[in-house]
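J.: Listed below are the residues making up each chain.
2 protein chains.
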Amino acid sequence: MNLNDTITAISTALTESAISVIRISGADAFAVTEKIFFKKTHPLNKAHRMSKKTFSTIEVNSHTIHFGYIYDGEELIDEVLISIFKKPNSYTGEDIVEISSHGGVLNTRKILSLILSKGVRHAEPGEFTKRAFLNGRLDLSQAEAVADLIKSKTEDAHKSSIAQLEGSLSEFISGVRKDLVNVISLVELELDFAEEDIEFVKKEELRKKIIELKEKFLQIISTYIAGKVIRDGINLVIAGRPNSGKSSLFNFLLSSDRAIVSNIPGTTRDYIQENIVINGILFNLIDTAGLRFSYDELETEGVRRTYERIKEADLILYLIDSTGSEEEIKESLDYYKKEFNPEKSILCFSKSDLSPNHPIIQSFNHSIIQSLSISIYQLSTIENLKNKMTEKFRYSVNLDKKGLLVLTNTRHKICLEKIIESLEKSIESIDKGMSGEFISLDLRNAIQSLGEITGEFTNDEILNHIFENFCIGK
Amino acid sequence: MNLNDTITAISTALTESAISVIRISGADAFAVTEKIFFKKTHPLNKAHRMSKKTFSTIEVNSHTIHFGYIYDGEELIDEVLISIFKKPNSYTGEDIVEISSHGGVLNTRKILSLILSKGVRHAEPGEFTKRAFLNGRLDLSQAEAVADLIKSKTEDAHKSSIAQLEGSLSEFISGVRKDLVNVISLVELELDFAEEDIEFVKKEELRKKIIELKEKFLQIISTYIAGKVIRDGINLVIAGRPNSGKSSLFNFLLSSDRAIVSNIPGTTRDYIQENIVINGILFNLIDTAGLRFSYDELETEGVRRTYERIKEADLILYLIDSTGSEEEIKESLDYYKKEFNPEKSILCFSKSDLSPNHPIIQSFNHSIIQSLSISIYQLSTIENLKNKMTEKFRYSVNLDKKGLLVLTNTRHKICLEKIIESLEKSIESIDKGMSGEFISLDLRNAIQSLGEITGEFTNDEILNHIFENFCIGK
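Protein sequences appear in the order of chains A and B. Just remember that this note's numbering sits 13 ahead of the position in the first sequence, which is counted from 1. Just remember that this note's numbering sits 13 ahead of the position in the second sequence, which is counted from 1.
Errors might be hidden in some of the hints.
Intra- or inter-copy, both count: the list cannot distinguish identical chains.
Unchecked claim - Computed cross-link-like contacts, DSSO-like style, restricted to lysine-lysine with a CA-CA straight-line distance of at most 27 Å:
hint, residue 1, residue 2
1, Lys52, Lys164
2, Lys229, Lys351
3, Lys426, Lys229
4, Lys99, Lys66
5, Lys216, Lys343
6, Lys131, Lys166
7, Lys66, Lys172
8, Lys164, Lys53
9, Lys399, Lys426
10, Lys66, Lys100
11, Lys48, Lys351
Everything labelled a hint here was simulated from the structure, so no lab data went into it. Please read all numbers here as calculations on a predicted model, not as lab measurements.
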């Protein structure tokens, strides 16, 4: 990681729009700007064209905006505003220039190329935020919250990411860190006086303190399932025999014609995936090929992929065509009972508008497996289905509670689980009457894992993995 | 047009990106900002959360940037930077606040909604630029150049729009306007002294001056065809009998699989349109349904639409399958000769890799109609075709000549044609020995038309038409 060079990127989406923003950060940001950005002098004689006048960043304050022109040699590229941020008071902690240009694709690209031609390197995704982290402008959990905030698709995701950006997780960690350090000093103080055989803290008391700490961590980990739902949404697969109405339901939920629908069994081959928010919860809706044996190679491949999606699903809507024959319905029902977990799936009898009183469905309704009758032509049945879909995840925390902390990030969860492990080891050491050195080592491992969350201790591989999922220009 | 209210819009493209910019312009821009934007006070005790602190725009200078937080009541929406522009030194000439937020879709929308909830109106497309025009920050031809600059897809389009934005057309107009006013004052001076029968300027001299002016306008109008090519590109239609390789060529030129290709005649129904830059010239490439009689209703509709596109085309590539039978080739050739203008079309024998020496093509090559043999499997034949396509438009002006003015806008061309008409009328009046009053009236009409270009004289309808094609937020 080279922190000495200067980086640049377009920070807005590169499509026709009113404004584009190009960012430059690093030691040469100002020098490069002075090579390409000019003011104009108003001529005495109005008939004359205005002429270029050099711009000096030294003469202006940080956090000021200047109107002027980007020139590539004598060629005028654009009229722009530039924003000057002087280190350390900038996003990255380095000197930053933000060029706000007209939002065309070509002129924005031309400005970027011009900057690159002056020896500035194109930034990696997330590299501005990475530098902000490396320069101590925010900790790692806050940097991760930046990416989560941008990707937020639901109110809850927005709330939890902005809380994390504001340091809700960092605050928790700095609190428990203090507790951990206190416990360690108790243990280590005793070590210092080991020869004198003074016992500063009763084993029992130490044990209690560690268990209390462990409880705190367990409580946070327990929010992770809700957090994952909030951040990543629920993988919802629509499955069933061919022609059971999967694509029709998929389109209806999306209010679009995304999937091709026909009454030819096997219409859907590739699975199709779209996001949708239902009752405030994000679903990754996946429409699949109908489950059946087929001689069609393309379709067989489709069925294979359906099984893969089913394995990874958080929730499955299993559709049975209620207009089918008794035999067909029975066969599909048996398949469902055999292959699917009712805890992770919802059984739906589809096309219910066409078969109000099918005997086999009637009799099934008395079984212990819950089912729904649905039809896209009966709005209330779909509302019913939506509520069923979301109620399974409504244990998701109420984020309106102020200051509530929800764990949304798998990396953080893994770190916290390592902490639990270390704490349990330390309790074991106490119970076995082992020397304080061992207890201290376990507790220091816990601190290490804690520091990995905030980036106090970390390595390049983890950093790269975190920042490669960022937007370009962030 | 209400200039008293305050408007807002998202000025960047609304997709996940590093930064979004939300603009507010108008009398209430600062008051609204103070309701939703807060600084934070650093607490004395670091363990306490920071608290909201109101922000006052009066206390800060124009063209300054401030870090802080957008709050909807007690709910934190985002960390942002705001840029303050105090009137009249802003894009619109009004008070402007630009909020630079994290580039997520949800948080950006939430900020926009919050501003709208404070009584700010959502801006129409181009309304910021319209206000800039109405407040005299730029003239109408410059405002039009802003939209052209954003839409530029070629170097030439970029150069001509930035020149126009910098006032190249405005400068020309202010020059010829002065000349026109001089001529008018000569005529009208004479009118004042009409009773005394003094002739200040010889009719012949007046006539000569007007003709000189007319020449200047004609010269500018003559750049329009080149200008239109530069700004809007060339409508290029690929036509021919079914299965002559139109979609294959289309895809090959685009380097993509945009059109579905099969050897089933009639594969393409809807015409497909894509932009591509070849040798610096923008082409709107249009792939069409093959021209033939069909019993398929969908295909017949496709053929009807092909004829429409052909009518509007600037250039047509007419493809004949060189692997066809002699009869088929002859029939398609006859059709080409009958229906197409060789000046506006290029005749291509396609699939030339498969039929190197077809006798009918051999013999045709001696005809006066030029033709090319092409194959997407023989790169040099396609290069040849590309050069042929662009050479037809290479009379387009060399924009590197400094200060060169190219007319790109149809509205401007119509205004200039009205000027020519008025000038011709005035010459007629002189030749008929009519009173100076008539000559003066004609010349004043010319000034009126000139003022329509810069927006000195204009009406709401024209303004609305111009600005409705702008981006939202510009």
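J.: Confirm or reject each hint.
T.: Verification of the supplied hints:
no.	hint	in the structure
1	Lys52 / Lys164	between (38 Å within a copy, 25 Å between copies)
2	Lys229 / Lys351	neither (40 Å within a copy, 86 Å between copies)
3	Lys426 / Lys229	within (13 Å within a copy, 75 Å between copies)
4	Lys99 / Lys66	both (22 Å within a copy, 24 Å between copies)
5	Lys216 / Lys343	neither (64 Å within a copy, 103 Å between copies)
6	Lys131 / Lys166	between (38 Å within a copy, 24 Å between copies)
7	Lys66 / Lys172	between (47 Å within a copy, 21 Å between copies)
8	Lys164 / Lys53	between (41 Å within a copy, 25 Å between copies)
9	Lys399 / Lys426	neither (30 Å within a copy, 58 Å between copies)
10	Lys66 / Lys100	both (25 Å within a copy, 24 Å between copies)
11	Lys48 / Lys351	neither (71 Å within a copy, 59 Å between copies)
The structure shown violates the earlier hints numbered 2, 5, 9, 11.
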